[in-house]
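These protein sequence lines are chains A and B, in that order. Per the working numbering, the first sequence starts with residue -17, numbered consecutively. Per the working numbering, the second sequence starts with residue 336, numbered consecutively.
Please note that the accuracy of each hint is not assured.
A few chain A residues that face chain B, going by a derived Cβ cut-off under 10 Å, partial list only [claimed, not checked]:
(1) Ala11
(2) Gly21
(3) Phe53
(4) Tyr123
(5) Phe131
(6) Ile175
(7) Pro193
(8) Pro194
(9) Met195
(10) Ala248
(11) Arg250
(12) Leu251
(13) Ser263
(14) Ala300
(15) Gln301
Just so you know, the hints here were simulated from the structure itself, not pulled from any lab data. Even glycine gets a Cβ: it sits at the ideal position worked out from N, Cα and C.
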Amino acid sequence: MASTMNSTTATGIGGPSDKVAGGRRLHSANRLFRALSLGAAVLVLLTFVAMFGVLFEGAWPALHQFGFDFFFTEIWNPVKERFGILAPIGGTLITSFLAMLAAVPLGIGVAIFLTELCPRMLRRPIGIAIELLAGIPSIIYGIWGLFVFAPFFQANIQPWIIDVFADVPGLSMLFAGPPYGIGMFTASLILAIMILPLIASITRDVFETVPPMLKEAAYGLGCTTWEVIWNVVIPYTRTGIVGGAMLALGRALGETMAITFVIGNAHRLSTSLFAPGTTISAAIANEFSEAVGDLYISSLLAAGFFLFIITFVVLAAAQLMLRRLDKSTGGNRA
Amino acid sequence: MTQASSLYTGRRLRNQAFKLLSIIAALIGIGWLVLILSTLLINGIAAIKPSLFFEITPPPGEMGGLANAIVGSLIMVVLAVIVGTPIGIMTGTYLAEYGRHTKLAYILRSLNDILLSAPSIVIGLFIYTALVMSTGHFSAYAGIVSLAVIVIPVVVRTTENMLLLVPNSLREAAAALGAPSAYVIRHVTWKSARAGIITGVLLAVARISGETAPLLFTSLNNSFWSLDLSEPMASLPVVIFQFAMSPYEAWHELAWGGALIITVAVLGVSILARLLGAERK
Chain A
-17 MASTMNSTTA TGIGGPSDKV AGGRRLHSAN RLFRALSLGA AVLVLLTFVA MFGVLFEGAW
43 PALHQFGFDF FFTEIWNPVK ERFGILAPIG GTLITSFLAM LAAVPLGIGV AIFLTELCPR
103 MLRRPIGIAI ELLAGIPSII YGIWGLFVFA PFFQANIQPW IIDVFADVPG LSMLFAGPPY
163 GIGMFTASLI LAIMILPLIA SITRDVFETV PPMLKEAAYG LGCTTWEVIW NVVIPYTRTG
223 IVGGAMLALG RALGETMAIT FVIGNAHRLS TSLFAPGTTI SAAIANEFSE AVGDLYISSL
283 LAAGFFLFII TFVVLAAAQL MLRRLDKSTG GNRA
Chain B
336 MTQASSLYTG RRLRNQAFKL LSIIAALIGI GWLVLILSTL LINGIAAIKP SLFFEITPPP
396 GEMGGLANAI VGSLIMVVLA VIVGTPIGIM TGTYLAEYGR HTKLAYILRS LNDILLSAPS
456 IVIGLFIYTA LVMSTGHFSA YAGIVSLAVI VIPVVVRTTE NMLLLVPNSL REAAAALGAP
516 SAYVIRHVTW KSARAGIITG VLLAVARISG ETAPLLFTSL NNSFWSLDLS EPMASLPVVI
576 FQFAMSPYEA WHELAWGGAL IITVAVLGVS ILARLLGAER K
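Model the full structure from these sequences, guided by the hints.
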């Protein structure tokens, strides 16, 4: 397939057509079109490089001023111009981790339900509904969290949780403090709801790459549904599931609007999940348009640059894994 | 015998428990999303009035609408798609037709997939530093460029995928008749992949319609009518953000109304894209 492709497109077609009338015009149009296409590709590449370069340049004053301490100090003081992003980094990691903790098992559960248990008639409508939900803008989840979930949580659930865990060592620290409604815990939960459809739809797609023959063979040996999934489907799709989860993690790390509404924007790390906190993206969204002073802006840019780097690494790993799955299933089909 | 039957019951029980768990997961997952959409619908419909579409955003404490934000969003989304789509389609064409196995294509494909899920707030920061800082003021232009940067990877990915679905025999047949490669691409491969490419563009529209983070510090916001692209421009998502975070009841209502409009628009466009995609098959 590869060689036929190259011979039709790469070279040679323009040559003979020179001899016919209007051939020269066609030939130059041909070259122009190819150049345009290459130009667009290079432009996309340059955009990416520029993004990297421009952000780094903007971040440099802060990185230069504070050095490595920038990543390890909790102080965020615009008045004295002392900045460190330990609290936002911590908030980003904690909220993403908690969201993944809730959304990955639920998402896999939904995918299993869709591929194995759901009545055939409902399979397509529910599948489509989940894909559509994955496309709903995050600001919708944010506004719901702020107006509906946070007040309800504050009034009905949070005081109860605080009471129950008050005497349990360890947990009392995690669930301490006044019930604000908003905070790290609420943000994680909204984030989990937001990435759930994404995980569910990727995992379902991955599950569907399992050749029916493998599953039928296992059923034929007398396996239960659980055994088929645990021993056949999941081992076969392991890299795909992990890749899908990484993709969702990349999304969660950089998610802004769903979190900004409900996290409370406090630049400190607290042991209590009910305390307000912040994440890199929430800090940028909340403060950037009000930031005065070059160092303040540069610090926010440096935070954004750091976010770019970590999501880049996570997403690149996700691509690698999903691509490996593509290759392996391609091999099995052949 | 008893050992065998207890083994069997154990397996059956485990299977039942597992089925139950996965049904519960599905119920929680889907139920929660239904809950969100229904509250959105209830609160949003209460806010939908004629004034929402005909009056501009009010100062605190007064009544008004979202007309300037709706128009601003439409302008920026449409222009971003006009800017981003040709670049995206040409890049996708390069990946699928010209450079399929080149090193450049490999790198580009990986970077494009990363750009596809890169945090949109980082794209906003990039455009802020590149355009707003250098020109010294916020503008709708900057907002359009940052949305276009989000459109491009979506269009690149779908265009490439759709072009790869076109059978090589079609290309070969056209080339055998003497058509130059550019002619083959424009009149044969693009044509047969057209529905798919349009689907990609629609998906990109759905994607940017609700984007807030990249607009926060590029197009900013504007409480007045403004069609001047070199001035800050209101957009639905940014207005929703500002109004929802405010303490004013009237602004909250407008935020709900705006949220409903965006959701309906995004779902409508995605469903349209899906119908088009299904037609192809």
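A quick look at each hint next to the structure:
1. Ala11: With a minimum Cβ separation of about 6 Å from chain B (threshold 10 Å), the hint on alanine 11 of chain A holds.
2. Gly21: With a closest approach of 8 Å, the glycine 21 of chain A hint holds.
3. Phe53: 17 Å, violated
4. Tyr123: Tyrosine 123 of chain A check passes; min Cβ-Cβ to chain B is 7 Å, inside 10 Å.
5. Phe131: With Cβ-Cβ at 9 Å, under 10 Å, it holds.
6. Ile175: The hint holds - isoleucine 175 of chain A has a Cβ within 10 Å of chain B, the shortest such distance being about 6 Å.
7. Pro193: 21 Å, violated
8. Pro194: 19 Å, violated
9. Met195: 22 Å, violated
10. Ala248: 15 Å, violated
11. Arg250: 20 Å, violated
12. Leu251: Leucine 251 of chain A check fails; min Cβ-Cβ to chain B is 21 Å, beyond 10 Å.
13. Ser263: 5 Å, holds
14. Ala300: 8 Å, holds
15. Gln301: 5 Å, holds
When held up to the earlier numbered hints, the structure conflicts with 3, 7, 8, 9, 10, 11, 12 and fits the remainder.
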